[in-house]
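Residue strings, one per chain:
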Amino acid sequence: MTAVFWCVLTRDLTLALRRRTDVLTTLFFFVIVVSLFPLGVGTEREVLRNLGPGVVWVAALLASMLALERLFAADYEDGTLEQMMLSAQPLALLVLAKITAHWFLTGLPLVLIAPLVGMQYHLAETAIWIMMLALLLGTPVLSLIGAIGAALTLGLRGGGILLSLLILPLYIPILVYGAGAIEVSGIDLADTRPYLTLLGAFLIAALTLAPLAAAAALRISIE
Amino acid sequence: MALNWFKFAAPASFYPLAGRLIPVFWVLTASTLLIGLYWGFFQTPDQLGGSNPQKDYYRIIFIHVPSAWMSMWLYVVMAIWAAVGLVFKTRLSFMMANAIAPTGAIFTFLALWTGAFWGRPSWGTYWDWDPRLTTELILFFMYIGYIALHAAIDDVRRADRAAALLAIVGLVMVPLIFWSVNCPDPNQCAALHQRSDLTKIEGNILFSMLMITFAFWMYSFATTLMRLRGSILLRESDSTWVQEVVRREARQ
Amino acid sequence: MLAVRQLECRRGDRLLFSGLDVAVPAGTLLHVRGANGSGKTTLLRCLCGLFTPDSGEIHWRGESIRALGGEYRRDLLYFGHANGIKGDLTGIENLRVAATLDGDRPDPDALWQALARSGLAGFEDLPTRMLSQGQKKRVALTRLALSRATLWILDEPFTALDVAAVDLLQSLIAEHVAAGGLVVLTTHQEVALTSGQVARLQLGD
Numbered sequence: 000m001t002a003v004f005w006c007v008l009t010r011d012l013t014l015a016l017r018r019r020t021d022v023l024t025t026l027f028f029f030v031i032v033v034s035l036f037p038l039g040v041g042t043e044r045e046v047l048r049n050l051g052p053g054v055v056w057v058a059a060l061l062a063s064m065l066a067l068e069r070l071f072a073a074d075y076e077d078g079t080l081e082q083m084m085l086s087a088q089p090l091a092l093l094v095l096a097k098i099t100a101h102w103f104l105t106g107l108p109l110v111l112i113a114p115l116v117g118m119q120y121h122l123a124e125t126a127i128w129i130m131m132l133a134l135l136l137g138t139p140v141l142s143l144i145g146a147i148g149a150a151l152t153l154g155l156r157g158g159g160i161l162l163s164l165l166i167l168p169l170y171i172p173i174l175v176y177g178a179g180a181i182e183v184s185g186i187d188l189a190d191t192r193p194y195l196t197l198l199g200a201f202l203i204a205a206l207t208l209a210p211l212a213a214a215a216a217l218r219i220s221i222e
Numbered sequence: 000m001a002l003n004w005f006k007f008a009a010p011a012s013f014y015p016l017a018g019r020l021i022p023v024f025w026v027l028t029a030s031t032l033l034i035g036l037y038w039g040f041f042q043t044p045d046q047l048g049g050s051n052p053q054k055d056y057y058r059i060i061f062i063h064v065p066s067a068w069m070s071m072w073l074y075v076v077m078a079i080w081a082a083v084g085l086v087f088k089t090r091l092s093f094m095m096a097n098a099i100a101p102t103g104a105i106f107t108f109l110a111l112w113t114g115a116f117w118g119r120p121s122w123g124t125y126w127d128w129d130p131r132l133t134t135e136l137i138l139f140f141m142y143i144g145y146i147a148l149h150a151a152i153d154d155v156r157r158a159d160r161a162a163a164l165l166a167i168v169g170l171v172m173v174p175l176i177f178w179s180v181n182c183p184d185p186n187q188c189a190a191l192h193q194r195s196d197l198t199k200i201e202g203n204i205l206f207s208m209l210m211i212t213f214a215f216w217m218y219s220f221a222t223t224l225m226r227l228r229g230s231i232l233l234r235e236s237d238s239t240w241v242q243e244v245v246r247r248e249a250r251q
Numbered sequence: 000m001l002a003v004r005q006l007e008c009r010r011g012d013r014l015l016f017s018g019l020d021v022a023v024p025a026g027t028l029l030h031v032r033g034a035n036g037s038g039k040t041t042l043l044r045c046l047c048g049l050f051t052p053d054s055g056e057i058h059w060r061g062e063s064i065r066a067l068g069g070e071y072r073r074d075l076l077y078f079g080h081a082n083g084i085k086g087d088l089t090g091i092e093n094l095r096v097a098a099t100l101d102g103d104r105p106d107p108d109a110l111w112q113a114l115a116r117s118g119l120a121g122f123e124d125l126p127t128r129m130l131s132q133g134q135k136k137r138v139a140l141t142r143l144a145l146s147r148a149t150l151w152i153l154d155e156p157f158t159a160l161d162v163a164a165v166d167l168l169q170s171l172i173a174e175h176v177a178a179g180g181l182v183v184l185t186t187h188q189e190v191a192l193t194s195g196q197v198a199r200l201q202l203g204d
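Protein chains in written order, with numbering that gives the first Met the number 0: chain A, 0 to 222; chain B, 0 to 251; chain C, 0 to 204.
Just so you know, these hints were derived from the structure itself, not from any lab. Glycine is no exception: its CB is placed at the ideal position from the N, C-alpha and C atoms. Errors might be hidden in some of the hints.
[As the list claims (entries may be wrong)] Pair by pair, the computed Cβ-Cβ distance ranges are:
{"hint": "1", "chain 1": "C", "residue 1": "Gln5", "chain 2": "B", "residue 2": "Leu233", "range": "24 to 32 Å"}
{"hint": "2", "chain 1": "C", "residue 1": "Thr158", "chain 2": "A", "residue 2": "Glu76", "range": "51 to 59 Å"}
{"hint": "3", "chain 1": "C", "residue 1": "Gly69", "chain 2": "A", "residue 2": "Asp187", "range": "46 to 54 Å"}
{"hint": "4", "chain 1": "C", "residue 1": "Thr158", "chain 2": "B", "residue 2": "Asp237", "range": "27 to 35 Å"}
{"hint": "5", "chain 1": "B", "residue 1": "Asp153", "chain 2": "C", "residue 2": "Glu56", "range": "23 to 31 Å"}
{"hint": "6", "chain 1": "B", "residue 1": "Leu233", "chain 2": "C", "residue 2": "Gly102", "range": "41 to 49 Å"}
{"hint": "7", "chain 1": "B", "residue 1": "Ser121", "chain 2": "A", "residue 2": "Arg44", "range": "32 to 40 Å"}
{"hint": "8", "chain 1": "A", "residue 1": "Asp187", "chain 2": "C", "residue 2": "Arg104", "range": "35 to 43 Å"}
{"hint": "9", "chain 1": "B", "residue 1": "Asp127", "chain 2": "A", "residue 2": "Gly41", "range": "35 to 43 Å"}
{"hint": "10", "chain 1": "A", "residue 1": "Ala123", "chain 2": "B", "residue 2": "Phe116", "range": "55 to 63 Å"}
{"hint": "11", "chain 1": "C", "residue 1": "Asp166", "chain 2": "B", "residue 2": "Ala150", "range": "44 to 52 Å"}
{"hint": "12", "chain 1": "A", "residue 1": "Ala72", "chain 2": "B", "residue 2": "Ser30", "range": "47 to 55 Å"}
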């Protein structure tokens, strides 16, 4: 089981490293969206500090959304997805491996670049740490839930736009608690605890349920 | 409903049954709606009582609350039919879920619309990011997502099953979303919307509210069955019984 | 070993076939024939479990393939219209992933030898997108040589192959059938399959 998980994970990472631009596009999309906000709402320190957490999370949702379309599409086109579905391994395990790879390529870079964005928005140092932690817990949930939508819209015309219509509402709890944790960190650091605990709980729930749902969706879509 | 649904799970036997039931539901809709509206306008006090002294405009409650109830209830019903379809592979269940979605979306929209009109005089704004309003808006997006996904897939079988799975995922997520917007700060929870408690409501107000809820429910049955008959005809168009039905109705 | 009972499949509104009964004993090749759109690919996808038939049962060693699940898929090798190889991976990497998915622990030497037998010596560590259509197909067909599956389901395996590759594929199929394996295949080309028992199934009329 672990051998197969590892095999699919390294396969997807290898593929992404041979097409590096795809990974970088997502990252730069995130940076550009975040950088455009101050130009629209003004560059006052106080305004930016208040907007920062929300903007970062909304940009993270969009960036993760943007990359989701490709999660299964390439494998669907060249028939390797079919081969995965016909392997003796549980499909949910393979899907989980693919989602993990997707997170390494789109979620993790966002976590790592977060301090830079935090400085753009004049966030305090503690707020930046909390932001990284919240993103670390929250972005995997985005990939997990998004995988269900990606599987449902597989191979459809205009699938990308449809995908955002289906999935963005489901991201709300992550948005609320992810941004909330950063805001609260300015008042009392101890108050961030329930937020992060909730994000962790979402992560565990999504880890157990989302791969099963995404696998079921793939079986429906591949017919 | 004391109907044996399994006996009528075949579209061919369900189609005529639905045809006979639709007029009944329309009559029930019209009569209870009239009673409910009459009672709501003429037999209820001028003010919403107790700690909540709102003037005549509170009467929007008779449309607002029933449509909000129906919007949520219909989503649950839709998801249940979707689940039944996925488990038992019955075509009619998917068609049922499909037929419910537009009615549910209409009620959700109605609840938001009337809510805005009620919010203006009582809160001084058409829209507020109140938890229930937000959740109702999300519920509207969910209905739209279901309808859009179904419409985007050409293959009916895949469309049915994919949309059904989405409805079930939505059913799991809606309480979570409601909870997260209701309680954005887990350290302390508060909400703008009044806590509702049916036992504290004045009897006449409650009566007309329940009357209109019943009317809306019957309306949902009527419109769902009508839509269902339409999609049965479309999907079974190559079967002999549908061709007979079409021939018979063309002669009339 | 493979038994199909009263199978019915639809695509959209169209009935492809109904009441289909087929039995394929061990050591047999089943050649599925029919015009374009007669449901050959759908039948093959049904046999793989990728497509759920509207009614009917498919049994493998006496048990329903739905109930068998992963156990059935372990015995199965499917070769579809798409090659099922990644253009950005080399031939060796593609085969290693495929073997791992089948639950094998691939021996690198065996992979190199198998590729050489497919006439791809010297191309092993090029990304497969640099190869020609026929060569890509050869990479995909190398899976047959490496596979331990009993049941091969091949959808149009002969298209885009040159004469040498056709010979190679025929000998692979012949060996598999002689060893007691099952092959279900579709092909428009008339390919002489000499060895073993050959059954034919005509779809549509």
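Hint check:
1. C:Gln5 to B:Leu233: 24 to 32 Å: Roughly 27 Å apart at Cβ, these two residues keep to the hinted range, so it holds.
2. C:Thr158 to A:Glu76: 51 to 59 Å: violated, 18 Å
3. C:Gly69 to A:Asp187: 46 to 54 Å: This hint holds: roughly 51 Å between Cβ atoms.
4. C:Thr158 to B:Asp237: 27 to 35 Å: holds, 33 Å
5. B:Asp153 to C:Glu56: 23 to 31 Å: holds, 28 Å
6. B:Leu233 to C:Gly102: 41 to 49 Å: For C:Gly102 against B:Leu233, whose Cβ atoms are near 45 Å apart, the range 41 to 49 Å holds.
7. B:Ser121 to A:Arg44: 32 to 40 Å: For A:Arg44 against B:Ser121, whose Cβ atoms are near 37 Å apart, the range 32 to 40 Å holds.
8. A:Asp187 to C:Arg104: 35 to 43 Å: violated, 54 Å
9. B:Asp127 to A:Gly41: 35 to 43 Å: For B:Asp127 and A:Gly41 the Cβ distance comes to about 25 Å; the hint is violated.
10. A:Ala123 to B:Phe116: 55 to 63 Å: This hint is violated: roughly 43 Å between Cβ atoms.
11. C:Asp166 to B:Ala150: 44 to 52 Å: holds, 50 Å
12. A:Ala72 to B:Ser30: 47 to 55 Å: Once the Cβ atoms are compared, 53 Å apart, the range 47 to 55 Å for B:Ser30 and A:Ala72 holds.
This entry does not satisfy hints 2, 8, 9, 10, going by the numbered hints stated previously.
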